[in-house]
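4 protein chains.
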Amino acid sequence: MSQYQALKQTCYEANMQLPALGLVLFTFGNASVVDREHQVFAIKPSGVPYATLRPDDIVIVDLEGRVVEGDKRPSSDTKTHALLFKEWPMIGGIVHTHSTYATAWAQAQADIPILGTTHADHLTADVPCAPPMSDELIAGDYEHQTGWQIIQEFEKRGLSPAEVEMILVGNHAPFTWGKTVEKAVYHSAVLEELARLAYLSCTLRPGVARLKDALIKKHYERKHGANSYYGQS
Amino acid sequence: MSQYQALKQTCYEANMQLPALGLVLFTFGNASVVDREHQVFAIKPSGVPYATLRPDDIVIVDLEGRVVEGDKRPSSDTKTHALLFKEWPMIGGIVHTHSTYATAWAQAQADIPILGTTHADHLTADVPCAPPMSDELIAGDYEHQTGWQIIQEFEKRGLSPAEVEMILVGNHAPFTWGKTVEKAVYHSAVLEELARLAYLSCTLRPGVARLKDALIKKHYERKHGANSYYGQS
Amino acid sequence: MSQYQALKQTCYEANMQLPALGLVLFTFGNASVVDREHQVFAIKPSGVPYATLRPDDIVIVDLEGRVVEGDKRPSSDTKTHALLFKEWPMIGGIVHTHSTYATAWAQAQADIPILGTTHADHLTADVPCAPPMSDELIAGDYEHQTGWQIIQEFEKRGLSPAEVEMILVGNHAPFTWGKTVEKAVYHSAVLEELARLAYLSCTLRPGVARLKDALIKKHYERKHGANSYYGQS
Amino acid sequence: MSQYQALKQTCYEANMQLPALGLVLFTFGNASVVDREHQVFAIKPSGVPYATLRPDDIVIVDLEGRVVEGDKRPSSDTKTHALLFKEWPMIGGIVHTHSTYATAWAQAQADIPILGTTHADHLTADVPCAPPMSDELIAGDYEHQTGWQIIQEFEKRGLSPAEVEMILVGNHAPFTWGKTVEKAVYHSAVLEELARLAYLSCTLRPGVARLKDALIKKHYERKHGANSYYGQS
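Chains as they are written, first to last, in full-length UniProt numbering: chain E, 1 to 233; chain P, 1 to 233; chain B, 1 to 233; chain A, 1 to 233.
Chain E extracted, bound-state conformation:
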């Protein structure tokens, strides 16, 4: 039996949450979970439908994106996951979907503005949309460059991946992450709802104002601050 059986099972269960939460159509998405001790991560195989996916189909890959264990080819987005795990040691799981409203914002090449407390409960910034990469980078090691595109957008904006756990890749679709893959899945579902709420508010009242700073701070701190009082711990 594989030493990565538990890792594969965790990865399998996270992937199966994506269709259950209405975040993927057919095979348009993938979830991964890292094992920091062994410097590997588990990821969905490429193009396998969720209906037939089994825990043993999950592929184990190292942080350069090379297959360590598994019969199947890993997700075509594997090198993006690999780079994020390598560069961001604080994250434990990554999710990529083409969920409808988040992808519509990515296609519009627009940040999702922070318009309400539902958003502020989860992050204090607009959800960033990274502009498309240059033609040279696209023609090169594309999925690896997608990882850099994400990381550099965070650096350019001075955002921390420990605080803002989601991004839109312009003209493509969202990536989310978290301390665990369960949290990364949760962030994908939250992002889709934030994208839907903002779509509705912006089409109802074009030019609607962003949430004021005092409310952004209050809602985020009551859930995530030193004196948080949301939840049970």
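To be clear, the hints were calculated from the coordinates, so they are not data collected in a lab.
For identical chains, the list gives no copy identity; a pair is met inside one copy or between any two copies.
Heads up, simulated BS3-like pairs for lysine-lysine below, C-alpha to C-alpha not over 25 Å straight-line: (1) 212 - 156; (2) 79 - 212; (3) 79 - 223; (4) 217 - 79; (5) 72 - 223; (6) 183 - 217; (7) 72 - 86; (8) 156 - 217; (9) 223 - 212.
The model shown is predicted, which means the values in this text are computed figures rather than measured ones.
Chain E is fixed; fit chains P, B and A onto it per the hints.
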């Protein structure tokens, strides 16, 4: 056994209606029910997913928001519920959700205009949207102030909480109430549908006219007036 | 046993189709079926939730809207149904809903333009939206006048209720009918989809052109004309 | 037993996928599968609801649209399918639906612009919308002419049906195809999602720019090019 067992059960069942009616995602909502004799109310614990919620998790709180019975921390919105129960003796239950269309209107900081008889069957006014509170109040006892924000908006507009049983808190989300918590849940579902209908009408025909007074009056009275003839009693 | 048992059963089943097709929320709708021989019709009782509705709850009413058989109060819209059955001898069933997209058009006081063959497969005209009635009529026998509002709109436009089997009552919601109540239910579901399609086309391309006459004629005739070749008979 | 039993079963299963994927309401759609050896194809009977459809109801038709086997009348769109199978030897199955968002674009007489990688993963062009045919052609052999309308639009634009496997017929609805009928069904579901994504992006940001060529090429090639690395083979 707790003397509040029945109260907890009623509160539990009302909370479980929220995901069943499609009004909450994850833990984004809560329902409470008051016991006027003992001056306490039952409310959902904070951050507990609906899938694992049990009647015994429900927390009993007094009208100052202090826990009377229960192992868990009550909803972070408890002080808002407490103030509304204290100030408005005619209400028996309160529901707070982040339901999609109602929240989109709250984010747009706009009243939901009364455009049709579906709306007039339930209330004769636009659904009010209270403007965000001042930075000073946000930094203070925020959830308690949210209660005042609601109450003062009703006073400013001359609305009665016995007749208009719903409000949008600007940039946040809706609160509804009723003589019973079952009615508060019903009003949350009705509000979400009114918000969706108005969104569609307003994006289809910007500047669409409000319903004329004679129709507002007629529909409300046939359902709620002295000579009402809707329903079985 | 009632001589109207079969009539009640048919009416019950038609009513239960409305929530199954996603056309009603709570109690916002009703279906009726006429017995031309006995000059009575069966209709849903007022305000009874679909979840608890039983065939024996269905009320039998004459064409003046007076209860003939049944313990419950009939739908508050009974007089509208009664007048339509009385004035339009070719119809066998009527359905009233507040289905979302159709109601959004009614709230916008706008006809649903014929934009495609999905529409032309069912009717060759825009779905008419009757303007709200005068304040005097609203204050009078309102539901009876709603029937006249529908009939007079058809007369004004030169439409035949045998060919156009649906209408929007301005600021209110849709009514549909048919030779049988099953067809009336079908028309309610078709109308909701036509309303949704037209909403999307009109918000995507404001001022989009109506379907050209040759296509309207072709699609309607292949389904309903003397030489129709759609379906099995 | 019919020599076409397996063909009918394949056709039946493809048709049953259409309501399962939310692509058809009532009887508004049909799927067909060709047998190139015998120069016949299997197609859904006209106007039969999916709930009661059985494999034996499927009709076998030759490439002129004449019934070869079956008790029922074939789909009223049979001649469109026949011509496409006859003229395009590389396709094995065809699907026609009135799926909501794709039909809304067809009603708007607009191509669906390529705005993101979800689109580019499947085709490198805008989804073409063929303009309505002339009144003379409509009055003639309409369904046969619909086939020509599709074929000529592809010729006019220099598109290959092996690479672009979907089209909108203006003011009508979409047709899709593929090497197999399973792929044709898949393309119908993909088209509906592309139509929905583009609707949202275009209403959010009118005039949004098309995807740049380098990204179109990259995404299509990684899935369909000579050195593709998506999927398992």
